[in-house]
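Those protein sequence lines, which keep their order, are chains A and B.
Taking my numbering, the leading residue of the first sequence gets 1, the next gets one more, and so forth.
Taking my numbering, the leading residue of the second sequence gets 1, the next gets one more, and so forth.
Hints in this document: simulated from the structure, not taken from any laboratory.
Ideal Cβ placement from N, Cα and C applies to all residues, glycine included.
Any given hint could turn out to be false.
If we take Cβ atoms under 8 Å as the criterion, some of the chain B residues that face chain A in the derived model are [stated by the list, open to error]: (1) Pro28; (2) Leu32; (3) Leu33; (4) Ile53; (5) Ala55; (6) Leu63; (7) Thr69; (8) His173; (9) Pro176.
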Amino acid sequence: MSLLPVAANAGQVHLTSQTRIVAAVLALFFMLMILELIRRDRLQERYSVIWFVAGLGMLAGAAFPGLLEVVANLMGVRNTNVALFSIVLLLLLGLALNFSVIMSRQAAQITRLAQERAIERALAEKRAGERPNGNGSGQQALQPEEQRFES
Amino acid sequence: MRTLVFIPAWNEEDSLAGVIADVRRAIPEADLLVVDDGSTDATVERAREAGAIVASLPFNQGLGAALQTGYLYALRNGYDVCAHLDADGQHPPEEVARLLAEVTADRADLVIGSRYHAGAVADSGDYRPTFSRRIGTSVFRFFLTLATRQRFTDTTSGMRAANRRVMALFSRHYSPDFAEIESLQLAVRQGLRVEELPVRMLERTGGSSFLTPLRSAFFIFKGLVVLLVGQFRPRHAEAER
């Protein structure tokens, strides 16, 4: 029902004040959630910037529905719905790629960490083996670290 | 000349002890390191019993990461040359000694043991590759030769010897996914002298090949993508960091 009028007079965005309030509240709620995640150390600041930008975008869209029209015109898209979905889709695509990049970096870091640890431990064992009667000491010393990793 | 021979091993408890003993006999002057790639069987115990030093990765990271661990260990501990061979008993250590001799004599920076090289065919009656492996081999051979403008016959060989220049390069950059082929491409692009030496290989004594036709196809596809991307990498890894 609501789609038809928009399609009919394309180029104009009609939002009732009710939808705008709901959208604004959702945007604010979203940003508060991000804030709370950072506060509880569940999300790092450096990965939160993009989400605040998204939240602000939502808020801007709710406050000034005309903005979407401007953007749609800039994109050369008649239908603002199409413009909106395209923007959101591109944003999500960018985010997904961003996560892949972060994931790759972290995978490389984890690998290097594992390698460093393996080498350190091999050297410790070698040293322990060279010393008389010091066979198990290298392993025992490393055990508390393993427990910390588990928790 | 300090020499390190390292063996990447992932759940190779059956064959590892035999391989270590053979390496000891064939290359007595070398130190021996087993890189355990997160094995869940008795690989580590077998290696220790056989007297090798064990570098144990806390979880399975793939062959590339295991090999890189070996190169990093060799680099850090001041070895002049290093070599690696598979843990499944396919690679006779006498042949590894020949590869090491090439590097020691400074005829090449990186030497690959090839089971398909013209010289190897005559006496390689011991080794019979499967059909899908043959297809993969020829595809990679063609494209790697095209990419590096240097003739390679055995692109996936896990028997290699290298000097410190190679250790430095591989400990910095070694693809965890597609180690064998990309590393060759990288070494050639960095201007290192890469050489193939015909070697004799045996049937594996333990474990089984992971290659099924479908996996082979995927493996080949992945390899081609890696090779293509590799062509766009900067020629000097130093420029990268």
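Min Cβ distance, B:Ile53 to chain A: is it shorter than 8 Å? Hint on B:Ile53: holds, closest Cβ of chain A at ~5 Å, below 8 Å.
Chain A contact restraint on B:Thr69 - CB to CB distance below 8 Å: With a closest approach of 4 Å, the B:Thr69 hint holds.
Just to be careful: measuring from the Cβ of B:Pro176 to every Cβ in chain A, is the smallest value less than 8 Å? 6 Å, holds
Holds or violated: B:Ala55 as interface residue toward chain A, Cβ cutoff 8 Å? 4 Å, holds
Evaluation of the interface hint that places B:Leu33 against chain A, nearest CB under 8 Å: OK, holds: B:Leu33 within 8 Å of chain A, min 7 Å.
Restraint: B:Pro28 near chain A, CB-CB cut 8 Å. Satisfied or not? Violated, because the Cβ-Cβ distance from B:Pro28 to chain A comes to roughly 18 Å (cut-off 8 Å).
With a cut-off of 8 Å on the beta carbons, see whether B:Leu32 makes it to chain A. Nearest chain A Cβ about 11 Å off; hint violated.
Interface hint outcome for B:Leu63 [beta carbon to chain A under 8 Å]: Where the cut-off is 8 Å and the nearest Cβ of chain A is about 12 Å from B:Leu63, the hint is violated.
Measuring from the C-beta of B:His173 to each C-beta in chain A, is the shortest one below 8 Å? The hint is violated - B:His173 has no Cβ within 8 Å of chain A, the shortest such distance being about 10 Å.
In the structure shown, a violation is registered for the earlier hints numbered 1, 2, 6 and 8, in ascending order.
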